[in-house]
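Q: Make the complex out of the two chains shown on their own, each in a separate frame, by following the hints.
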Amino acid sequence: MTTISDPHSGLPERVRTQVNYDEPAIKPPPLLSVGPLAWMRNNLFRSTFDTILTVVFALVSISIITGLLTWAIQGANWFVITRNLRLFMVGRFPVGELWRTEWMALFIMFVAGFGLATYRAVSYRIFIFAIVVVALSFAIPPIVAATTPPEYSLLAAGNTEVAAGTVTETPIPELAFVGQAGEEITISYPTSLGDDARLATLSGFTDRATTAVINAARNRLAQEETTARLQERLANAPLTEEQREALSAQLAGIEIPPPVTDTLQVNTQPVDIEILHGETLDVLAQATLSQESESFSLTLPDDGWYILRKTMRDEGSLAILEARNIEPVLVSELSALDVRYRSMTSDFETGARRPRIDGLDVPIINIIDYQYFGKRNFPEFMKLYVAPLLAQLDTPLLFLLLATGIGYAASYGLSRYSPPVYRGQLPLRVFSILFLISPIVIYILLSAVNTSRWGGLLLTFMLTAVGIVLSFPIGVLLALGRRSSLPVVKGVCIFFIEVVRGVPLITVLFIANLMLPMLHPSLVQVDAVLRAMAGITLFSAAYLAENVRGGLQAIPPGQEEAARALGLSGVQITLYITLPQALRAVIPALVGQAISLFKDTSLVAIIGLFDLTRIADSVISQPEFIGARPESYLFISIIYFVFSYLMAWVSRKIEASGSGAARRF
Amino acid sequence: MVDAAPVANGVSTNTEPIIRCINVNKWFGEFHVLRDITVDIYPGEVVVIIGPSGSGKSTFIRCINRLEEHQEGKIIVDGIELSHDVRNIAAIRREIGMVFQQFNLFPHLSVLQNIMLAPMKVRNWKKDRAEAKARELLERVGIPEQCDKYPGQLSGGQQQRVAIARALAMEPKIMLFDEPTSALDPEMIKEVLDVMKELALSGMTMIVVTHEMGFAREVADRVLFFDQGRIVEQGTPEHFFQNAQHPRTQLFLSQIL
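Protein sequences appear in the order of chains P and V.
Remember, the numbering used here sits 1006 above the position in the first sequence when you count from 1.
Remember, the numbering used here sits 565 above the position in the second sequence when you count from 1.
Excised from the complex, chain V in its bound form (with noise of 0.2 Å):
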């Protein structure tokens, strides 16, 4: 088990974690999916989770925002312990926003719905609000011009955008972001890195589950590497990319690189 301690790179250290995992412990029936998952991540750090299938990557980020239920351990973000109060729940959403692989848009809304809707609903905004907000991200994203689209007429990079796009209207304070870049092609990841990238330099605090080893090493302050539901190595893209220690970290490594 590697230290736990935050291995910050450009990112202050002196500041109270946002998100503190300790001993987090989950199980799918007998499978053991996450085993003691120990990590503190701070405000403005982009951690990328690397690993093979089923190494429990996307459940643990699922799990930072609830939408998988841990059953030992603690997760505190923000101050809030995840638990089964749902106001606790509610509260820790609103400040955690997520891309998902298959993007996940609302595909009876248009675009412009797709990201008012959960500031309207859930922050209680003015549609005027909601609105401007909307357009300001969709022109941050790149895309203004399809404000009126719905899901089905976008390309499958615009609407992950436009997924970005979602998640960042209820100004989150963290990014969750689980292959964001599987689902698409190769033509096209490009332009979600961007977004993503620029994303990252404005001080997003994100966790990025990927298979792109090109935006770990550009753009990550941290790499954990998950193999069978535990992190086996930690450490900065250069440590990580360079001098792997951990024999399955050097294996996984020698296959994608």
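Chain P with its partners taken away, still in its complex shape (with noise of 0.2 Å):
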């Protein structure tokens, strides 16, 4: 260091006057004070209390999780969503119009694509995260079908009834099935039935004799489980006298009935069976199954309906087969004017009724869903629930994608490649247009089919779209009028504003469904759905206009007073500078607000609708699904947080990709 130091100062050495000519090195930061654990220190463990709270928040967060996912594997039925997904999505909408929504979220998923390529707000790597979820969604079903190796499934054959435990059932002679062409299906006569657990975690059919069987041996595995536990609790749990004396009560109250395994007499006699071809009831191929005979194997010939018939020689006995790739039918549709049958473990689908013999529908292969209530396993969650959900899902998602990437591609070409004279500003344009343009595709392409017909995913989607976009102008009106120097029009701004800001959503929807009609006899004839678009936008429009009022009030007097000194009139003032800014200002609340009426729209079950929410609660009422109102509802709270939560991320993107308040691009 060199010091120059003025001799004639009275200072102290060191404050003298100093030139420092050293430059010191530039050094890395030392260990520890970057990197995870740096992180963890000083976020988590800074001090003693830290470091309670967030083991305290551990211990509670993965309590809950755990509790959470336990459930949701072992014990919860999720049947109630993987085959009711079309209902969810679209409710009561006609099968034969449903390429009408199809279309609409690939064009929504375009426009949006190009939308997030123009205004920068995500950069491609977004794809690529995209594209995973959608190759894991193609690509678990087959892992899942790999893994575990199909189960045999049980059908009982036979003409004599079957007691099992305290259910006496008849089986049933003829199943229909759905296969496709090259599958190979499989029946087989086991020799021995294994035990009870085995019996108890075979799927099965609803072919009732066989569910007797399931229930028996589900039953008597209960009783013995419950039985151990008392005994367990007698033996070591510290018990008043009282207490034990109504335990050892209730233990002599269980009667464990012997295994169904010993009681039932099956598989003494062959069985013949044949398979029919749905359609022509053509006999394809028998066989007799017995002790001695090989499996039985077909390989289908045709995409279709099958059919399936067991008799047993002997009057008297009783056959439990075996069966594989013989695939458990869904019905998916509540109407019976349209109805579907679905495979449920591939996509295949027959618009077909099902086959009628002598008359008579047969009955479908259908999976019997309370026999996995209980204790299931991961492979099985997987396999029942997780698979055949991405199965129905990976086409429409890759789809969906693919339009949400050329849309992207679209706005990215042109701007890269667009004549000069745009200067850029050619995807700007395009999206405006094709933003503009979109509500009039979506009239076009849903108008054709009655609002009565629209439900779920569909309705509450419509309700949300046509409440934001036509809230909107209604809704800076309104902002702009209670800012109004004439006191008429800003009167009754007020006065529409905090009427309805003081009045709950659901009482405008009552009043909008029925009271509008009292008012005139022509309202009468206005469709529900409108009606409620109508509450919906109303009550909307209210609140965006404070919100936008917000913005007004927080742009700068400078910003009009320097437009004033231009020379630029008071609706330029408006259109050009203040309005604009006042819009950057609020898109988070904009944006908030546009979530919080898409959950809103779920108050639309009151008033009739079959939106989302009113779906969850009706598909529960279906006699398979009793009881699955958890699942329901937990799944319809996915819907809702994904959607808000995109909404909330892509507002989060456009305020930082500089289309904000404060512009960086």
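For the record, the hints were derived by calculation from the structure and aren't laboratory data.
Owing to the predicted nature of the structure, the values given are computational and were not obtained by experimental measurement.
Just to be clear, a hint being listed does not mean it is correct.
[What the hints assert, rightly or not] Facing chain V, according to a computed beta carbon distance under 10 Å, are these residues of chain P, among others:
hint : residue
1    : Pro1562
2    : Gln1565
3    : Glu1567
4    : Ala1569
5    : Arg1570
6    : Leu1572
7    : Gly1573
8    : Leu1574
9    : Ser1575
10   : Gln1578
11   : Tyr1582
12   : Ile1583
13   : Pro1586
14   : Gln1587
15   : Arg1590
Beta carbons are placed, not taken as given, at the ideal position from N, Cα and C, and that holds for glycine.
A: As structure tokens, this is what we get:
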């Protein structure tokens, strides 16, 4: 260090004039001041109190998450979702018109992709994430199928009643199932049914006799377990005398039936089986299965319906067969008008009615839902629910991703290769056009179907979209009106805003639905969905007006002064200066409002529309899904969350991209 | 009260004044902000207004383009008297450019769009013409390369120069500067003052409220000293800085010089 000191200064040495010509080397930060360890030390374990909080929250979170996962994997009946997916998505929208919703979704995703690229809101990296998700949805079902070998399903055959435990049922001689061309089905004659534990875990069909067997085995196992638990308590738990007596009494009351495998006399006689073509009723193959015979296999010739017919030679005996690749079928429409059946484990679909023999419908092979209730392991969970759900979702997801990607690429290409006259504004213009025509496109697509058939996510989405799009101009006008210097305009706007804000949405919906028709007879004609849309729009407009007003108030007065000094008129100042800035500033608030509107549409359930929430309520009134309320509501919660989060995410991205209040690009 | 006769320095006194203020009075509530302001400003003149805070300097120049309304007296700009007639106000604002202390650029528009907006919307110019003019002005204020940026990306000095270009784009006859360098770092003041000097030399009529005494001394044709809402003293910079008469002026100058 070179020091130039003033010899005449009376100051101490250290404060004399100094010039520092040294240049200290640039060094990396000390170890443990960056990186995950440092982060944890600084954020999670900074003090004793922090550490206690971290540990407590970690424990609470872990217990909640494990509890939820255990229930979701072991206990929950997700068939209510996998089988009703279409209802959740579009409600009772006619199946033949579904292409309209599909094209609408593709169009929206195209526009969304275009917009994301135009506003440079996200980089292409997000697509890598999406591609991974879609690839997983394609990959998981085959992986699950490969890692969990298909279990044999149980099919009861015979003419006699099956008495297992307390349940007595007659086997159904004929069953219909859906098959794909080239699929190999296998039916065999098991020499032993194994023990009750195996019987209980075997998957089966709504051949009622099979159900009876499985239930009996399951009940017996459950009672064994209860007994064991009570005995364990009696032996080890500290109990008062009274409790001990009560437990003993309870234990004495439990009667464990003998093992089902012991009581059930099955598989003593040969069974004749025939496979019939579902449409022509031609016999494709027949065989006799007995203790000595090999298992029977057949490669199916066509896509479509087949019938399995089972006949016992001996009147009084019963056989339980094992079948593989005879897939359970699900009925996926509420309406009797367009009955369609859908194979659970592949996306093969047939529009044909179920086969009829002798003028009677043949019962469909239908998986028994409640058989899986209880202790299910993770591979079973994946096989039963995740794989089928993904199998239904993979292709739609792929197309949606493609549409988004094409939109993104289109905008990118336009900005890159557009003629120089547009100065890079071409994507913006095209996006504006796309955005403006999208309501028309959606209207053209959907108006062909009566709104009474709209439902599920589709209805929720339409209510939200119409609410946001229409309430936007109304809300902006109300906000401007409220700041107007004309007292009448101002008064009317304040009156409207305050009245609407002072009333719950549900009341607005009731008014729109019930009272409007009383006001004028012609309003009876307006259908319920339109009335709900009107109510939601007006409600939302009042809140939007207040948000926009907040944005207008936040603009520094200098902006308007500068514009006035330049000679702009009041209307021009609003259009070009204040409103654009106000709207940019309130993007987060507007998106917040869109999110709450999206969720609030669930209230239309009360005026009789089948939106997502109402669908969740109605699917569990189907007999086979009674009790699946948590599953159904959890599923729609996830849908609501995913879309709400998506909106918030896009808003954050737009904000960060510089299109928000402070422009950066 | 100093005589309102022009004290022109290199400016022709034969022409009509472009701005005439006759006994202008203004109140903010009970507070009397402007008291009997009478002053004529001639085409091509550069008038610098100085004075302590709260003396009414800014309010006065804001009255000239009607950002503030005066309650008594007359302001006649380019032959048009300021009144409640909206058309008069619009006509006058087209002829007067204004530069603010806080720049007041439009943050949602690019530099080019900031400059082009008013010519296109108020003067109904075609886009090409407005853009050519904007680029020419950016060249003139020395930042042609910043045209596609947004105000938030510029330094204070650059923003103020854009603001000057924005005001000039309307091809005004008069430019008002309301403390244009007060919000700037010392390093950036010079680049703005240089632009203003160039503008003054080109013959623009300018009224500048400023605390930059160097600028006043070098560029001004006339200096007005405001105190408590009235013009206490006015004169050429030489008179003002070397030979100020009024004790209030002397006190003010002694405090800032």
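Q: Flag every earlier hint the structure violates by its number, smallest first.
A: none
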